[in-house]
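Residues per chain, in single letters:
Protein chains: 2
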Amino acid sequence: MESVGKSFVRVDARGKVTGEAKYANDLMPKDCLQAKVVRSTIANGVVKSIDISEAEKVPGVVKIVTCFDVPDIQFPTAGHPWSVEAAHQDVPDRKLLNTRVRQWGDDIAAVVAVDNVAAERAASLIRVEYEEYDPIVTVEEALAPGATPLHPDIRKDNIFVHTSFRTSPDFDYDKAKERAIEEYGEENLIEVEGVYRTPRISHCHIEVCTSWAYVDTNGKVTVISSTQIPHITRRVIGQALGWPIGKVRVIKPYIGGGFGNKQDVLYEPLNAYLSIVCGGRPVCLELSREECISQTRTRHACKGVLRGLATKDGKLLAREGDIYTNKGAYASHGHAITGGITTNFKDIMHDEYGCRSDGYSVYTSSAVSGAMRAYGVPQAAFLADSLTDDICYAGGFDPLKFRMENCVPPGFVASNGITYYSYSLKECMKRGAEFIHWDEKRREYANQTGPIRRGVGMGIFMYKVGVYPISLETSSARMILNQDGSIQVELSATEIGQGADTVFSQMASETTGITMDKVYIISTQDTDVAPFDTGAYASRQSFVTGKAVKKCALELRARILDYASYMLNRPAEELMIWRNNICEKIHTGDPVPERPARDQAEEKPAEQNTKKLALGGSYIDNSRNDGSVGESAKYSAWLDGKVKEYDIHDLPNGEAAILRDTGVEKDIQPGEVLLSMEELAMNAFYSLDRSEHITAEVTNQCKENTFASGCCFVDIEVDMPLGKVKVNNIINVHDSGTLLNPKLAEAQVHGGMSMGIGYALTEEILYNEKGRPLNANLLDFKIPTAMDVPDYHVEFLEMDDPMGPYGNKALGEPPAIPVAPAIRNAILHATGVSMKEIPMTQQKLVAAFKEAGLI
Amino acid sequence: MESVGKSFVRVDARGKVTGEAKYANDLMPKDCLQAKVVRSTIANGVVKSIDISEAEKVPGVVKIVTCFDVPDIQFPTAGHPWSVEAAHQDVPDRKLLNTRVRQWGDDIAAVVAVDNVAAERAASLIRVEYEEYDPIVTVEEALAPGATPLHPDIRKDNIFVHTSFRTSPDFDYDKAKERAIEEYGEENLIEVEGVYRTPRISHCHIEVCTSWAYVDTNGKVTVISSTQIPHITRRVIGQALGWPIGKVRVIKPYIGGGFGNKQDVLYEPLNAYLSIVCGGRPVCLELSREECISQTRTRHACKGVLRGLATKDGKLLAREGDIYTNKGAYASHGHAITGGITTNFKDIMHDEYGCRSDGYSVYTSSAVSGAMRAYGVPQAAFLADSLTDDICYAGGFDPLKFRMENCVPPGFVASNGITYYSYSLKECMKRGAEFIHWDEKRREYANQTGPIRRGVGMGIFMYKVGVYPISLETSSARMILNQDGSIQVELSATEIGQGADTVFSQMASETTGITMDKVYIISTQDTDVAPFDTGAYASRQSFVTGKAVKKCALELRARILDYASYMLNRPAEELMIWRNNICEKIHTGDPVPERPARDQAEEKPAEQNTKKLALGGSYIDNSRNDGSVGESAKYSAWLDGKVKEYDIHDLPNGEAAILRDTGVEKDIQPGEVLLSMEELAMNAFYSLDRSEHITAEVTNQCKENTFASGCCFVDIEVDMPLGKVKVNNIINVHDSGTLLNPKLAEAQVHGGMSMGIGYALTEEILYNEKGRPLNANLLDFKIPTAMDVPDYHVEFLEMDDPMGPYGNKALGEPPAIPVAPAIRNAILHATGVSMKEIPMTQQKLVAAFKEAGLI
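Heads up: the protein sequence lines correspond to chains H and C, in order.
Position one of the first sequence corresponds to residue 1 (the working numbering), numbered consecutively onward.
Position one of the second sequence corresponds to residue 1001 (the working numbering), numbered consecutively onward.
Derived by calculation from the structure, the hints in this document are not laboratory data.
Cβ coordinates follow ideal geometry from the N, Cα and C atoms, glycine included.
Where hints are given, some of them may not hold.
[To be verified] The following label-pair restraints were derived from C-beta to C-beta distances: (1) Ser676/H - Ser1565/C: 52 to 60 angstroms; (2) Asp1780/C - Arg579/H: 58 to 66 angstroms; (3) Ile1586/C - Ser168/H: 26 to 34 angstroms; (4) Glu1131/C - Asn569/H: 53 to 61 angstroms; (5) Lys743/H - Lys1030/C: 51 to 59 angstroms; (6) Leu1722/C - Gly60/H: 29 to 37 angstroms; (7) Asn569/H - Lys1030/C: 39 to 47 angstroms; (8) Ser1565/C - Ser49/H: 51 to 59 angstroms; (9) Met1787/C - Asp72/H: 26 to 34 angstroms; (10) Ser676/H - Ile1586/C: 48 to 56 angstroms; (11) His1088/C - Leu27/H: 50 to 58 angstroms; (12) Leu27/H - Leu1774/C: 55 to 63 angstroms; (13) Lys743/H - His1088/C: 47 to 55 angstroms.
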């Protein structure tokens, strides 16, 4: 490949290192007003009255609005595609400002002033009278009999949603256990049970949540926001204000990270409203770091009451779990994350008899839980991998061997039909174990004494790339040819620091034949003109939006070749674009059956119930998708207008099914240069005979999905008296299909590993008994710094996934998943102490080691 | 029609009256550097050396560049579409800064500083050594033997281009005169000759010429400019810098008028260069009003040496003219305007024997002449109409009757093939004469005495709507459906104050069936994403870009109906969009042969040499285009997917050929409402089965043209001792086809009439003998104010032109054309004095009246 798979420097590198890249607040006009949200000083209750008389006297105050002034409209905030079916719509459970206070710091009023000093001064002078209820900070409090329902209009108790997953409809853990006793004898079984917990944490993106809004001359309320999801934000602003969506415009410039927090609609609707009530003047609403941590979104704290059953010779028989997540005060992403945890708990392991998991999303009067990198899978992985290692510890199994023998096999098809196409899980584990010297270290660390002990541990994961079939996956792309033969690429899948703009540029270059230096991506999304896309979330972009990019590039290429055909008076089929030139297309091998590129791009997705699955401009004939895997099942795919064939092979012991390109692609080569792209483009613009602005715009609805997977292996040292864990060696091994940009991929993994270490050891938002956050700042909420982390090692298994537009699959979120369980399991290996809870802070570890009599 | 033809309030009205509309400088970042151009203090010569040492010491100076630093690249500036054929390309005759000084104030260096004060201070400290040549301010000086050639690299003398026009190849005025003498006898002939002159004037747009530039994070030099032609500006910046065009981005926000001055590329290339040499920092280059008048572009001063011959019974036999225009120091629009004057001089009148005109574009060392409203036709009209009235005065003919009898007839086809489709010239004259009470006033004012005398006068014109076939006419459009069923319309034909955004919105509304309140036009052009269009000039936009809007709207409508067909499971042909709803389409009359709308929009223009001419998405079968006109020649056109038939009729005495809609269009009506646009749009965005972002983007190459025409009648009062002319009554009558927005059309005419009065009476840029402008400011260069002008009267002849997308044709520029000759001719009527020169200032009039012995 020409552009995909190469480590091009990020297209935004220069702007970001020089500080020239413009973020939302850099674009603010000089006369922009400043808004401050007035926050409740109780966690649960009702606002009885608000006295703004003193606040209004502060010089510079322009407007004060309270929860009694705002429209009586409840709206949803989730960064999901909307559904036209009411049953699948996100739950609207908040207003712009709320009289019913459901968390400490809830939004009850807002002040707009000429500057922040005046706004804050006025906010501090607002007097509020409350009717106060008991705070309900934990899941246990929320579920306790007699607990005040936080949203009685929506749910009569605090259980937002409860879903139940079973591997077969009649699966019951207790019955399975009875069967096991019958089959194997009770003495030949291992059973483990426990309550495992993960914490509420904050995303800690560098740029705080901020936006500014004004009413444009055409009456559109326009919001410039640091968001991952401009098109969704636009829709939600419309819903929140009761305005037509077309009268809302959202602009997303560069943003300083999001990690899912900005995959929710935060204060943009209130910001829009504040501008409107100020006569359309520009109003900025920038949160402080404290507000970002305590008043935006968090990762769901999660509690799993788990059981697991295995035979003494190491076969996993059955598991069950009741999983409770702390949803906080508002629905945000609804039950999607908890539902995901529920199924993900099962996914990676194969239970001989089956598995049950029940998930409960629970409203509490605390910070709202929402999307965060890997969307519930880190919680699910911690629960599942902790249980796995606890079973291994109890049974004396080697955790690697146990996983190798009990994890899902090649050809796995999840309950929702997602097929794990390019299977790699065991190969990943093999590589990780080799790197960390698993067998030697397991032996070496077996019988340690003394206060400092060492251990190795591992965690594994599987990760769905996009959100299909759970939700809509749709993505549009537009490309625009310039006079010099360069192009613009216009998308609404946003660059949020992850490198999306760079890999999209590489994709466009790859498929058009225009070199990277001539591909310009439009990094700023403006919902008025940008093609529709739901934004940056899941690990969907390179997969879902990537298909739209490819489809659009195929369409643009077809239009260019059609013009070349006109100029050269030769059939388009004889021509190709190669490094900014129109060349003769030379077939070096046997004739390849080929479809004209334009037809492909316009082809409608085939019906779901056939075995033809549509890719962006290409087809997969999946000759087996029944969950089994044959020795040489064959895939053939239309990619880039060429047939590629894949064999599933390398399956001697069922350890890896690697799809390999059979090389048919190489049968086409560029011949004589006939025309430069610049000559063609100049003609297309300025021909007196046939003038044409060559552009292409397509929507691709993605009805495909696949799994990525990987693992983490760590080698650690535990100073038990200090409760201190030092990671001496760490590796993540990922199967993410074809790497689009290896250097960026590696950096992506590094960031995830850092997050994983923080998740394992230090990060948690804490509350006092009144429901007030105790550590909503970066001094007390501790994320790892460069001083705290080891050198990171990363390996990739590059397998060409037939579902991915360029053989690629997810990488954005997965790196964060397996690190915490690996560290947790290494501590178990080192000390024999089974930590049931992260973060494993020094305090908690010391307490646990004391309890175990180790210190 | 639903939207076209109604007087909607301007879509930009609110923003412009409230001051919220953003212009280029409103968008400037706080840290923007300020640039000043250092200007030559001689009109003709060479810069020998520049000493910047003192200037560099001024605190705040960031960079100084001189004519010795800039790239050695000559570039063209004309706001024309480029040509891929070298012979038709605009002439590159200037550099970013020039060592060869060709006008007073020529650009020889530039200073960039942190603010204007520092920049101006530094500019004043720069010391320049010149080799000075004699200034060459007038055409006579430039053509004098031995005059220094200003561009010896391009032309050996100062004649830029000379073209020659003859009605037939062998036409010769002197031979025609011999023939006339033979045929009619010398005593039965009237011959008039004279030298007629028009002045150099300034556009005087409200917003001065300004831009600011920076290098974006992707390496693109980005220029935010007050320009009419963003895409052309982009191309020229690339050419001037020697950069790929794709590395240049131009953004055009609202602009405060242009009138053709901003149809040239002015300081944008230098501005881009200054940002680049300042490391990409934002740099603003705003001209003063003085610089705008003397250093940007002007209307060509023109001198016509004319002769005309008629019979004593009022038949125009022959005319000839040698026309010299003062091109100033640089090519700008080249010979296009002078060439136009040359043919336009002939166009409107029919000479029995023929006509000759020779046009000379002459370089002089004075301000550059370029495009200005009506692009040469005001000059041509002044020459032709003055000569006409001088012939009438000499022969005692009534000027109205003479024009009625000698103007071009219905069915006129110009020498370049442009056909005057919906002929109206005589009807316009009839209406104007009726309004001004021509016959009564001619009689009433016949024998006046005393110092104050009255007169009526008239001027007429014909005006080509677009620039085809002289130049390329291409236009692209894009439309984007929103979730609420509203749309964005994205174009690059710019709103420059003329109301283009409003009438484009009306067109989009008309053809899509979406009401005006749901049509949002993107007013700011960004060349990175906006569809290609050459911009605002000629009177092309509602005609040429209008066709692209219509074609795009047809395509969008077809896509919407295709989706409706999918949702409703009914053929798209049975459906229509009516006021934001999908309705059943009901045929109320005979079945109408119909083409599916999508096919129409994609149809390629038919070949030139057939009688099929392509319209935007529709066809004209022009059954006669041989220049003759039959009694009932029939046009049939595909418009809006329906056959419309036109008859040329109302031709009892050849006075008017009015095309009338035969009404076939009315045979389709909306039936039952099946679906709202909002329901459809929400489904299209969010369908799990078929998700589609419905947009449309098309290019329309326009290979059609037609003529608009009209006239001005005035009733004036001349105070001879004061030399003061008072316009007591004035009317313009225009045939502009179907009016798109009558109120805007009227306002457009009002503005043109003001310009015409200023052109007639007060406006002229004057020079001293050193070539330095004497009155480059709005105190001394006098344009009429609201105090100086009478009430304006306007009438329209609304004829549905089959060439126009909605029956419309030109109106933007024509109103300025006929006013000056009408006033000039009224003075002749009032006083018997034939003024040969505008502006007819008080001084000139007093002198003329003295010479005539009247005072």
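Here is how each hint holds up against the structure:
1. For the pair Ser676/H and Ser1565/C, the beta carbons lie near 43 angstroms from each other, so the given range of 52 to 60 angstroms is not met.
2. A hinted range of 58 to 66 angstroms for the beta carbons of Asp1780/C and Arg579/H is consistent with their spacing of about 60 angstroms.
3. Between Ile1586/C and Ser168/H the C-beta distance comes to about 57 angstroms, which lies outside the given range of 26 to 34 angstroms.
4. At roughly 55 angstroms, the beta carbons of Glu1131/C and Asn569/H sit within the given window of 53 to 61 angstroms.
5. Between Lys743/H and Lys1030/C the beta carbons are some 36 angstroms apart, a value that contradicts the proposed interval 51 to 59 angstroms.
6. One distance hint, 29 to 37 angstroms for the beta-carbon pair Leu1722/C and Gly60/H, is violated here, with the actual separation near 58 angstroms.
7. Range check, Asn569/H to Lys1030/C: Cβ separation about 56 angstroms, and the 39 to 47 angstroms hint is violated.
8. A hinted range of 51 to 59 angstroms holds for the C-beta pair Ser1565/C and Ser49/H, which are about 56 angstroms apart.
9. Checked against the hint of 26 to 34 angstroms, the C-beta distance between Met1787/C and Asp72/H comes to roughly 54 angstroms, which is inconsistent with it.
10. The beta-carbon spacing between Ser676/H and Ile1586/C, approximately 54 angstroms, falls within the hinted interval of 48 to 56 angstroms.
11. Checked against the hint of 50 to 58 angstroms, the C-beta distance between His1088/C and Leu27/H comes to roughly 42 angstroms, which is inconsistent with it.
12. The supplied range of 55 to 63 angstroms is broken by Leu27/H and Leu1774/C, whose beta-carbon atoms lie about 44 angstroms from each other.
13. Evaluation of the 47 to 55 angstroms hint for Lys743/H and His1088/C yields a pass: the beta carbon distance comes to about 48 angstroms.
This entry does not satisfy hints 1, 3, 5, 6, 7, 9, 11, 12, going by the numbered hints stated previously.
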